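Novice: Residue strings, one per chain:
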Amino acid sequence: MKVILLKDTDGKDREGLFHDKVLDALQKEGISDKWKLVRVVDIGIYNRGVALKILPAGFTYTDLTEEDIPGIVRKSIKEGKEIKEKISSVKDKQVKIVLRNCGVIDPENIESYLETGGYQGLKKVLFEYKPEESIEELKISGLRGRGGGGFPLWMKWNFARKTRSDEKYVICNGDEGDPGAYMDRSVLEGDPHSVLEGMLVAGYLVGAQKGYFYIRAEYPLAISRVQKAVDDAQEYGLLGNNILGSDFSFSIEIRLGAGAFVCGEETALIASIEGKRGYPSPRPPYPSVKGLWGRPTVINNVETLANVPVIFTKGGKWFSKIGSPTSKGTKVFALTGKIKNSGLVEVPMGITLREIIYDIGGGMLNSYDIKAVQTGGPSGGVISKEHLDTPVDYENLQKLGSIMGSGGMIVIDESDCMVDLAKFYMNFCVDESCGKCAPCRIGTTQMLEYLDSISKGKASQEDIAKLKKIATAVKKASLCGLGQTAPNPVLSTLRYFEEEYLEHIRDKKCRAGKCKELLEYTIIQEKCRRCSLCFRNCPVSAISGNNKEGFVIDNEKCIKCGNCFEVCKFEAISRG
Amino acid sequence: MPKLTKDNLEAYAKKAAAHKVKDVIRVGMSTCGIAAGAEEVYEVLKNEVRQRNLGIEIQKCGCSGKCYAEPLVEVIVKDLPAVVYGKVDKTFALAIVDRHVINGELLNDHIFDVQEANGDEK
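Protein sequences appear in the order of chains R and W. Per the working numbering, the first sequence runs over residues -19 to 556. Per the working numbering, the second sequence runs over residues 120 to 241.
The set of hints was computed from the structure by calculation and includes no laboratory data. What you are looking at is a predicted structure, and each value in this text was computed from that prediction instead of being measured. Heads up, some of the hints might be wrong.
Stated by the list, open to error - Facing chain R, according to a computed beta carbon distance under 10 Å, are these residues of chain W, among others:
#, residue
1, Leu128
2, Thr150
3, Lys179
C-beta atoms are modelled at their ideal positions from N, C-alpha and C, and glycine is treated no differently.
Let the sequences and hints guide you as you build the complete structure.
Specialist: Okay, here's the thing in structure tokens:
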């Protein structure tokens, strides 16, 4: 069947005139019975006027005017020829490797995975390649750990492989704790077998017979689907003894994380599996040499492992062609914040933030301008809007003072306050610091105190220098990744938005209106129509007056909830 | 269930290569979909298809990434492209069965993604 998709990508054609115009033109040409015309909500193109896509030919036209329609209908639709000068250059920028099966297969049915070519990568590793060749394939692919560190996968596996030991272990790190990030949850819920297959390959290559799936207890659906996948794999002989008739045996156990952020750190995670308190320990020795129960242990993130089967089915060389020179493959981001299309995106490394936000994310949610992008959660930092054209990869993000992290990407607009943001993340780190080492335990609390006093307008300019000093000390002296990266949100907001900090201190002002203590609400009497809406909506009766004489706000009583500001229909309440 | 062997697995690979697409309705049932009401949509579709004896499979699947448009329902039927409907509720789920599956119509203002044409006519 032939289909024409129509979408008004910038919302100007409110009456839907184009739909009727195209329909008329189709009727005039006498082909309206052969074509289906449909208005769609999303055509993958944004802010390009009226867009039209013809299937199955695949021609896409954008920025159409009414005059273009008869020509397109005659030439492109009736005769099937493309009109070169009007064809759109917009391409789908997503490349799906990790999410290849998410939304396609039934995650609770192993047959569904097998029918899309599942476990073929494992088969190749078991029967067609020597282990050295497999490691070589991973080396060619250039795959680096997707948990945040970006360590080359082949090296990690090779260390564990070369270390002699009676037993070795493979751990899948599914303790995704960054606020706003949920890539791993989606993969575990949508395609658990691909992660399982990655673990099996890891087990075979390093010589392990036992694997642990570490998933946080807050993901009940992911846990039940992984459990089902493990049970099914057992039944089909993909786990257990003599897998697929080879001499390789492997079993998997699921362990639940109890909600501590620090347990996403590999040494703390290992302690947690051992039944100890989730405390990190100094590295080296790295887990690939001395890990779980003192044995060599390969520990990888969910997304990393989901990449592995594809590298063997399609080849390391194919994989290495995607991405930037230093970072190969794709990265899944959880795109959230002030963005229209919030959700998961999988993009090749080296794509710019601007492309992610405007071409895939559909642009900003509200009328506010973009201010910055936060990546990497509490371990990452912000990237100001001047750097939106930087290609995204491990090195570039680090240079900008942020990190790739596990893949949270929060879009921030002008209505967000950077001090407030830094405070939010610092609060998180104070809560989640395990308390083992002093720099992290004491340092994060001190930083929070400074941030708090800045947001209340009680700080002095010297406090910024002190804040920077503590941040650097915590970064240098902390034991594990949590503390070493905890100051990042503070340092990066200071790097790009120091002026905003100074405004809080010097002018006692928060331009975004987020820091409540600095706000003062007053009624502009000239604009006030005495409707009493604010009076009725004030939860603490801080507004007094009547319909005749007007109203005033008592700032002693005011709790700065902003209700009056929100409800006023005449913009008669000023905030500042 | 006898254990899979290397050769069994090859049979699956061949089956995958043949890539025969059958009619199916997929409902995104990850946490994001379920939170938006996908379970209800799934039940409605299942009942409707059973009652009318349509013989089309209703399949659960994971999240395709368009979390802002959940619950997502993908409809793949013969002679029509694979269409992803977003923000589907109970009533709209019935409309999908009625108009898309049975009458072969595409429904305005609810489509979030269209994949290449399916079936023989290309």
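Novice: Given W/Thr150 was flagged as interface, is its beta-carbon under 10 Å from a beta-carbon of chain R?
Specialist: This hint holds: W/Thr150 lies near chain R, its Cβ roughly 5 Å from the closest one there, short of 10 Å.
Novice: Does the nearest C-beta of chain R fall within a distance shorter than 10 Å of the C-beta of W/Leu128?
Specialist: Check passed: Cβ of W/Leu128 comes within 5 Å of chain R, closer than 10 Å.
Novice: Does W/Lys179 pass the interface hint, meaning its C-beta sits closer than 10 Å to a C-beta of chain R?
Specialist: Holds: closest Cβ of chain R sits about 5 Å from W/Lys179, inside 10 Å.
Every hint from the earlier list agrees with this structure, and none is contradicted.
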